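Respectively, the protein sequence lines represent chains V and W.
Our numbering numbers the first residue of the first sequence as 1 and each following residue consecutively.
Our numbering numbers the first residue of the second sequence as 224 and each following residue consecutively.
Quick caveat, the hints were computed from the structure, so don't treat them as lab data.
Quantities reported herein were computed from a predicted structural model and do not represent experimental measurements.
Beta carbons are placed, not taken as given, at the ideal position from N, Cα and C, and that holds for glycine.
The reader is advised that the hints may include incorrect statements.
[What the hints assert, rightly or not] Selected chain W positions facing chain V (in silico; Cβ < 7 Å):
hint	residue
1	262
2	266
3	306
4	338
5	342
6	344
7	378
8	380
9	382
10	427
11	434
12	435
13	440
14	442
15	443
16	445
[To be verified] Restricting the straight-line Cα-Cα distance to at most 20 Å, the calculated cross-link-like pairs of lysine to aspartate or glutamate (DMTMM-like) are:
hint	chain 1	residue 1	chain 2	residue 2
17	W	434	V	167
18	W	443	V	150
19	V	58	V	48
20	W	279	W	248
21	W	443	V	185
22	V	152	V	21
23	V	152	W	381
24	W	241	W	399
25	V	211	W	411
26	W	443	V	158
27	W	443	V	188
28	V	220	W	373
29	V	2	V	106
30	W	434	V	185
31	W	402	W	248
32	W	257	W	274
33	V	179	V	21
34	V	96	V	126
35	V	92	V	167
36	W	225	W	314
37	W	434	V	188
38	V	220	W	411
39	V	211	W	408
Protein chains: 2
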Amino acid sequence: MKIGLIGSAGVAQTLGRKLVELGHDVVLGTRDPKNLDEKKTMAGSLREWLEAVQHKAKVATFQAAAAHGDILVNATHGQSSLAALELAGADKVGAKVLIDAANELDFSQGMPPAVLAAHDRCLAEDIQRAFPNLKVVKAFNMVAAPVMVDPKSLGGGDHSFLICGNDAGAKAQVTDLLKSFGWSDIIDLGDISAARGLEAYLALWIRLWGKLQTPMLNIKIVR
Amino acid sequence: MKIGLIGSAGVAQTLGRKLVELGHDVVLGTRDPKNLDEKKTMAGSLREWLEAVQHKAKVATFQAAAAHGDILVNATHGQSSLAALELAGADKVGAKVLIDAANELDFSQGMPPAVLAAHDRCLAEDIQRAFPNLKVVKAFNMVAAPVMVDPKSLGGGDHSFLICGNDAGAKAQVTDLLKSFGWSDIIDLGDISAARGLEAYLALWIRLWGKLQTPMLNIKIVR
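Start from the sequences, fold in the hints, and give me the full structure.
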């Protein structure tokens with residue numbers, strides 16, 4: 001599958017590496033693709049990443065990544081996502097699936113960060129509204145990057161993965177991808193407004209991270 | 224133990240019944256204790272409740288319940304909690320433990336309700352600020368009443384219970400109470416500001432309820 005990653009920090013690099021391992025055709029989009037040596041948040045440089053994936057993927061502009069992918073992934077910081085998707089020309093790529101993995105975390109007032117998802121709006125809804133051509137599926141935002149691509153590394157994989165979005169076909173495609181990553185308990189919470197719940201959960205997640213002193217955690221929905 | 228319940232709907236009645244079963248001395252406080260026949264939200268009337276507990280507990284005013292308990296429980300609707308605690312004279316009862324089990328859910332715009340906890344405030348913090356004499360411990364707000372008092376009824380009890388609050392001694396007392404209810408994985412998330420996480424989680428919980436078509440659900444923190 002052709003996959004275009006919008007973003008170049010830890011989440012993009014981790015997802016990208018896993019997707020390359022699974023044989024997908026990946027383009028990682030970054031603001032300045034000529035600057036391969038800058039160290040990225042929670043990850044190394046893109047030059048190191050290209051070496052890690054044995055140059056089986058490309059680093060390009062946001063726009064080239066968005067044009068390349070049949071499935072796109074928003075792996076930017078939530079507060080930059082709309083601007084990055086505009087730079088990517090996401091309004092001009094047609095009816096593509098966009099996996100929104102981002103969270104809006106405001107670190108400006110110190111730790112723990114404020115989670116900006118609210119009772120009447122969230123990032124995934126804002127993206128769906130700004131880019132009605134895209135089929136937005138919220139996914140991946142509830143776990144740290146190493147857990148996203150290796151659920152079995154935590155509790156033997158016995159925990160849950162929540163998704164939502166307006167398009168059933170898009171959610172089916174994302175579900176297939178998740179299964180190929182090793183996820184089994186994938187729960188579809190409905191339309192994109194359910195992303196308010198997925199994003200609001202971060203307010204609990206950051207406290208759990210603080211308490212457990214590791215982001216290697218997730219929830220199992222017991223029912 | 225002497226326990227004063229502030230509130231008379233499903234959560235108060237369910238917790239009260241369990242506490243009576245465990246031998247505690249319970250007073251359930253309600254706005255109008257003479258009106259025993261009104262059907263309460265998610266529960267029967269207080270006359271039925273008194274019969275169910277074989278009259279081993281009392282129904283009284285908010286104020287009498289607050290004066291009675293060594294431990295108090297806020298089991299009101301979140302949007303009425305501050306007013307109820309004022310009516311209860313909670314500012315005049317000294318340094319008592321208050322378990323805050325409430326959530327601020329706004330049903331005025333239809334279903335699902337809006338969760339009013341935000342990145343910069345939540346109910347438990349408002350209560351702690353308004354009643355600095357109380358030792359507020361957030362607990363019980365993340366599960367439906369039947370799960371609160373019978374964790375083993377769900378997934379064999381293999382799920383988690385989160386608490387927070389500023390006073391270590393108060394949290395130890397609440398933890399003992401929780402263990403007597405059958406809870407084992409009790410996680411203390413820190414000071415009362417962590418209640419923003421416990422309350423924000425409701426935005427996810429209400430979506431899970433909608434999806435699973437039952438409130439008999441909880442999360443296990445897998446780490």
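Hints, verified against the model:
1. 262: violated (28 Å)
2. 266: violated (23 Å)
3. 306: Violated: closest Cβ of chain V sits about 21 Å from residue 306 (chain W), beyond 7 Å.
4. 338: Residue 338 (chain W) check passes; min Cβ-Cβ to chain V is 5 Å, inside 7 Å.
5. 342: holds (4 Å)
6. 344: At 11 Å from the nearest chain V Cβ, residue 344 (chain W) fails the 7 Å test, so the hint is violated.
7. 378: Cβ of residue 378 (chain W) sits 4 Å from chain V, so the hint holds.
8. 380: violated (9 Å)
9. 382: This interface hint holds because 4 Å falls under the 7 Å limit.
10. 427: holds (4 Å)
11. 434: With Cβ-Cβ at 5 Å, under 7 Å, it holds.
12. 435: OK, holds: residue 435 (chain W) within 7 Å of chain V, min 5 Å.
13. 440: With Cβ-Cβ at 4 Å, under 7 Å, it holds.
14. 442: Holds - the Cβ of residue 442 (chain W) comes within 7 Å of chain V, reaching about 4 Å at its closest.
15. 443: holds (4 Å)
16. 445: Since the shortest Cβ distance to chain V is 4 Å, the answer is holds.
17. W:434 / V:167: holds (16 Å)
18. W:443 / V:150: Holds, at about 19 Å.
19. V:58 / V:48: holds (12 Å)
20. W:279 / W:248: OK: residue 279 (chain W) and residue 248 (chain W) at ~8 Å, within 20 Å.
21. W:443 / V:185: Distance of about 13 Å is within 20 Å: holds.
22. V:152 / V:21: Holds, at roughly 17 Å.
23. V:152 / W:381: holds (19 Å)
24. W:241 / W:399: The given pair, whose Cα atoms are some 14 Å apart, holds under the 20 Å limit.
25. V:211 / W:411: Holds - the C-alpha atoms of residue 411 (chain W) and residue 211 (chain V) are around 8 Å apart, at most 20 Å.
26. W:443 / V:158: holds (10 Å)
27. W:443 / V:188: It holds: about 18 Å lies between the C-alpha atoms, which stays within 20 Å.
28. V:220 / W:373: holds (19 Å)
29. V:2 / V:106: Status violated; Cα separation ~32 Å.
30. W:434 / V:185: Judged against 20 Å, a Cα distance of about 14 Å means the pair holds.
31. W:402 / W:248: Within the cut-off at roughly 18 Å; holds.
32. W:257 / W:274: Holds. Residue 257 (chain W) to residue 274 (chain W) sits at ~16 Å (cutoff 20 Å).
33. V:179 / V:21: At roughly 15 Å apart (the allowed maximum being 20 Å), residue 21 (chain V) and residue 179 (chain V) satisfy the hint.
34. V:96 / V:126: Satisfied, since the Cα-Cα distance of roughly 17 Å is no more than 20 Å.
35. V:92 / V:167: Holds: residue 92 (chain V) and residue 167 (chain V) sit about 19 Å apart, inside 20 Å.
36. W:225 / W:314: Cα-Cα ~18 Å, so holds.
37. W:434 / V:188: Judged against 20 Å, a Cα distance of about 8 Å means the pair holds.
38. V:220 / W:411: At roughly 18 Å apart (the allowed maximum being 20 Å), residue 411 (chain W) and residue 220 (chain V) satisfy the hint.
39. V:211 / W:408: This hinted pair holds, its Cα atoms lying about 14 Å apart.
The earlier numbered hints that this structure contradicts are 1, 2, 3, 6, 8, 29.
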